[in-house]
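K.L.:
Residue strings, one per chain:
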Amino acid sequence: MSKAFQYTGLTLSYLLKTAILIIFVFPFLWMISTSLQTYRETLSYPPTLIPALPQWINFVDAMSAGPFPTYAKNSITITLSIIAIQLLVMIPAAYAFAKYRFAGKNVLFSLVLLAFMIPGQVTFIPVYLMMADWGIAKTLLPQIIPFMSNAFGIFLLRQYFMQIPEEIVEAARLDNASEFTIMRKIMVPMSMPALATIALFSFVSHWNDYFWPLIMTDSAAIRPLTLGIAMLRETEGISNWHIIMAGNVVLVIPILVVYLFCSKQIVKAFVYSGIK
Amino acid sequence: MASIEFVRVTKSFDKQEVIKDLDLKIEDGKFTVLVGPSGCGKTTLLRMIAGLDPQTSGSVLINGKDVSRIAPGQRGVAMVFQNYAIYPTMSVRENIEFGLKNNKVGKAERTELVESISRAVGLYDYLDRKPSTLSGGQRQRVALARAMVKKPSVFLMDEPLSNLDAKLRVQMRIELIELHKKLGTTFVYVTHDQVEAMSMADTIVLMNKGVIQQEAPPDRMYRQPSNCFTAQFIGVPPMNIAELGANGVKYGFRPESANLSAEPGDELFSLRGRIATREMLGSETIYQVRSGSGAFMIKCREDLFAVDQEAYVGVPADKLNFFGPDERRIEARDSSYRDYLEALRGQRHG
Amino acid sequence: MDKKRLGELFRPYLMIAPAMAGICLFVLYPIIFLGYLSLYDYNLMNKAKSKFIGFENFAEIFSRGDFYKSLSNTVIYTAGVVVLTLLLSLVIAVWLSKKSKFNVFVQAGIFTPHVVSIVSIALVWLWMMEPNLGFLNYVLKALGLPPSQWLQSSESALMSVILVSVWQGIGYYVLIIVAALQSISPSIYEAAALDNASKLKVFWKITLPMISPQLFFILVIMTIGSFKVFDTVKVMTGGGPNNATNTLVYYIFENRTTNIGYASATGVVLMMIIALLTFVYFRLLSRRVHYQ
Numbered sequence: 001m002s003k004a005f006q007y008t009g010l011t012l013s014y015l016l017k018t019a020i021l022i023i024f025v026f027p028f029l030w031m032i033s034t035s036l037q038t039y040r041e042t043l044s045y046p047p048t049l050i051p052a053l054p055q056w057i058n059f060v061d062a063m064s065a066g067p068f069p070t071y072a073k074n075s076i077t078i079t080l081s082i083i084a085i086q087l088l089v090m091i092p093a094a095y096a097f098a099k100y101r102f103a104g105k106n107v108l109f110s111l112v113l114l115a116f117m118i119p120g121q122v123t124f125i126p127v128y129l130m131m132a133d134w135g136i137a138k139t140l141l142p143q144i145i146p147f148m149s150n151a152f153g154i155f156l157l158r159q160y161f162m163q164i165p166e167e168i169v170e171a172a173r174l175d176n177a178s179e180f181t182i183m184r185k186i187m188v189p190m191s192m193p194a195l196a197t198i199a200l201f202s203f204v205s206h207w208n209d210y211f212w213p214l215i216m217t218d219s220a221a222i223r224p225l226t227l228g229i230a231m232l233r234e235t236e237g238i239s240n241w242h243i244i245m246a247g248n249v250v251l252v253i254p255i256l257v258v259y260l261f262c263s264k265q266i267v268k269a270f271v272y273s274g275i276k
Numbered sequence: 277m278a279s280i281e282f283v284r285v286t287k288s289f290d291k292q293e294v295i296k297d298l299d300l301k302i303e304d305g306k307f308t309v310l311v312g313p314s315g316c317g318k319t320t321l322l323r324m325i326a327g328l329d330p331q332t333s334g335s336v337l338i339n340g341k342d343v344s345r346i347a348p349g350q351r352g353v354a355m356v357f358q359n360y361a362i363y364p365t366m367s368v369r370e371n372i373e374f375g376l377k378n379n380k381v382g383k384a385e386r387t388e389l390v391e392s393i394s395r396a397v398g399l400y401d402y403l404d405r406k407p408s409t410l411s412g413g414q415r416q417r418v419a420l421a422r423a424m425v426k427k428p429s430v431f432l433m434d435e436p437l438s439n440l441d442a443k444l445r446v447q448m449r450i451e452l453i454e455l456h457k458k459l460g461t462t463f464v465y466v467t468h469d470q471v472e473a474m475s476m477a478d479t480i481v482l483m484n485k486g487v488i489q490q491e492a493p494p495d496r497m498y499r500q501p502s503n504c505f506t507a508q509f510i511g512v513p514p515m516n517i518a519e520l521g522a523n524g525v526k527y528g529f530r531p532e533s534a535n536l537s538a539e540p541g542d543e544l545f546s547l548r549g550r551i552a553t554r555e556m557l558g559s560e561t562i563y564q565v566r567s568g569s570g571a572f573m574i575k576c577r578e579d580l581f582a583v584d585q586e587a588y589v590g591v592p593a594d595k596l597n598f599f600g601p602d603e604r605r606i607e608a609r610d611s612s613y614r615d616y617l618e619a620l621r622g623q624r625h626g
Numbered sequence: 627m628d629k630k631r632l633g634e635l636f637r638p639y640l641m642i643a644p645a646m647a648g649i650c651l652f653v654l655y656p657i658i659f660l661g662y663l664s665l666y667d668y669n670l671m672n673k674a675k676s677k678f679i680g681f682e683n684f685a686e687i688f689s690r691g692d693f694y695k696s697l698s699n700t701v702i703y704t705a706g707v708v709v710l711t712l713l714l715s716l717v718i719a720v721w722l723s724k725k726s727k728f729n730v731f732v733q734a735g736i737f738t739p740h741v742v743s744i745v746s747i748a749l750v751w752l753w754m755m756e757p758n759l760g761f762l763n764y765v766l767k768a769l770g771l772p773p774s775q776w777l778q779s780s781e782s783a784l785m786s787v788i789l790v791s792v793w794q795g796i797g798y799y800v801l802i803i804v805a806a807l808q809s810i811s812p813s814i815y816e817a818a819a820l821d822n823a824s825k826l827k828v829f830w831k832i833t834l835p836m837i838s839p840q841l842f843f844i845l846v847i848m849t850i851g852s853f854k855v856f857d858t859v860k861v862m863t864g865g866g867p868n869n870a871t872n873t874l875v876y877y878i879f880e881n882r883t884t885n886i887g888y889a890s891a892t893g894v895v896l897m898m899i900i901a902l903l904t905f906v907y908f909r910l911l912s913r914r915v916h917y918q
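Protein chains in written order, with this note's numbering: chain A, 1 to 276; chain B, 277 to 626; chain C, 627 to 918.
Please note: incorrect hints may appear among the correct ones.
Keeping only pairs whose Cα atoms sit at most 25 Å apart, straight-line, the calculated DSS-like set for lysine-lysine is [claimed, not checked]:
#: 1; chain 1: A; residue 1: K264; chain 2: C; residue 2: K727
#: 2; chain 1: B; residue 1: K457; chain 2: B; residue 2: K306
#: 3; chain 1: B; residue 1: K291; chain 2: A; residue 2: K105
#: 4; chain 1: A; residue 1: K268; chain 2: C; residue 2: K727
#: 5; chain 1: A; residue 1: K99; chain 2: B; residue 2: K377
#: 6; chain 1: C; residue 1: K725; chain 2: A; residue 2: K264
Everything labelled a hint here was simulated from the structure, so no lab data went into it.
Every value quoted in this text rests on a predicted model; they were computed, and no experiment measured them.
Pulled out of the complex, with its shape left as it was, chain A reads as follows:
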């Protein structure tokens, strides 16, 4: 193989990879570009790639099309509450499943696995009726408490706990540590990577969730951002793409910024969840 041939091959490979990269990144760039265009610019042909003058006003318009501060507050409240509750529920459960022997353990754990496989798309009708029955349909709770037990998280954390040598727990018992102390001072610090993975996962999936809030909410006061943005199409009319994209940017940017700064950790977290 000649050197020239090798170089051409290498360049070609780089070019193709860049092309692929563009296919996956361009729509976001176009979203940002549109969000800064005037209405006229969005109608032009060929399409405007770079707006003549960034129209920051679009964001103001988008945000005044609905109670966006409320949506944002709801999104944050819901996501953070879910993560906090899940961690509190998950850690002791995973510890018990990993390090204790008790009657019925396998049956109970298979229930966790079963829960892991049943999607919300199957259970949403009865859960909604339950929430209405309990009289909490008009609060944020229906978007939070159904996720209190993160079956995937319990499974992942249990795997992680099981890898912690039994001797470390025994050494702590010999050091007269209570089970709570063992959990708090030993198990949790040692499984920080797994906990971060699970929390990150929860954050991404609940921040982005559309289906569940759509089912559970019927008023603006309890809607999260995803719904608010999706509703822009109805409130702004389907041709006001610059406003819709401006709203979309508001929804996407927090996640993209997080992703930009810790893409390595996020990528690792997702791969880890897939390999196990």
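Given the structure of chain A, go ahead and fit chains B and C onto it with the hints provided.
P.N.:
Frame of chain A; chains B and C shown alone:
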């Protein structure tokens, strides 16, 4: 300071009895080594003392007090694990004082204890380091310090040296002996390595398949093994044992008890054979001698023979051991001992 | 003393209690409730007027054309997504599997859509696929190809939705396959090279069997995930045009307020399909897939 006693202790795992009706008394202040092949139940015994795997039936007494229902952390014992079981997320200091904190020891006293202990084991400069930055030997010291700081009445050690390289192991062996001398506490030490047992123990407890084979100081264990198992477990190479050919009795002798010579000697037992293998180890040479009645390992100070050469193995009467058909030792005072000696004399050059 | 022992006995149950309560309350009980609802002509306003009708809802499901339409849409969608994603992600992953900074960068880029809300993705693509002003048709025209109606025509709508789903999901699968490829010990390839095996042969006989567990995992989660498709459809097409993109979950969603019993029965059918798929997959898994 405490003695330990097992009274009719049975331990089962998943309905399978690994130890049955075992009685054992470990003396106060002694360095006792539990030794045996893997799966013999030595670690199980240790863990019963700690309370990590409580016995199925019978009782374990520490200082005469039944501890069966006392939690591991309140038995006044400390344990050093084979993999050290250091808390990886805590600094060396936090590792050492974790037990003190759990026992609600005041801060000032804690700091003082941690510092004096860490000085004693040479970890003072590493107190704020994370265990992952320490070498194997240093981690071992953290584990030791963590045990020592609690001032336990019993030290339990589960193969603590097996993860160290050979050189460090020898050094730590000496340090542990010195530590025991200094503290004067009861040490219970588990190992599968008979060299470790011989070099460190006041008393060796040799186990096999959940049963105690012999309980004796190292020298007696070596010179007067109470059965074939002991004879062949202790010593490298192990004792040569062969059939006497009468009443199912066996005779045995240590590799270094035999003399190897080109001409037959006047020892009670003499045997003609051929050198099959030769391992030159420097200060000594180990030959395998094959003869009509089996193969024998002979350890010599001098390196006089070559492979395939013919040689005579001679063993004096006082270096011979006899074991009955039940593999138990036949003592010299036993009436049949003399008969077996004569029988062996009759087999000269066989 | 005995109190303490009792406490020790109950401790693990106490520790898993909150988790199990959540699972029972929000997964297991709802399933039973769903089954119950599916046997009723349920009246949301006045529960007293609800009527037990046995399996009538199920009979209705299997006699209605719109159910079969949504089922076939879902099956086509699933098949399309699974086949396209598997092939493309395999090709891209093999191509990006060498450990280099640029490859990692490209992987992270391809993965970006996966961390973004489907709502955003759907909105962006809705705009990209706009027939008159959209960027896609501009590109097609620039390349001299005929423009498409994309989501606006019942012929291309489902394909368009599939395209968006593949685009969104592929990065995750590329990551998993790359990780699988990188975990294959290089000594196996060295051995193959010494045996003078061709590149293609190495791929078919070594690489593919070695990563088959991960491929299988991908197949399972992708199929089940695709059967639940909803968000893209809701935002991009609303099931239209002319029911061309109406999928099972969307179908249930549409019926959830007007006919709860019927929607629940459809939910039971969906659950059965997912259970069946999982079961079949794991039966296959125990036979086919290579494990080290």
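K.L.:
Which numbered hints turn out to be false for this structure?
P.N.:
none
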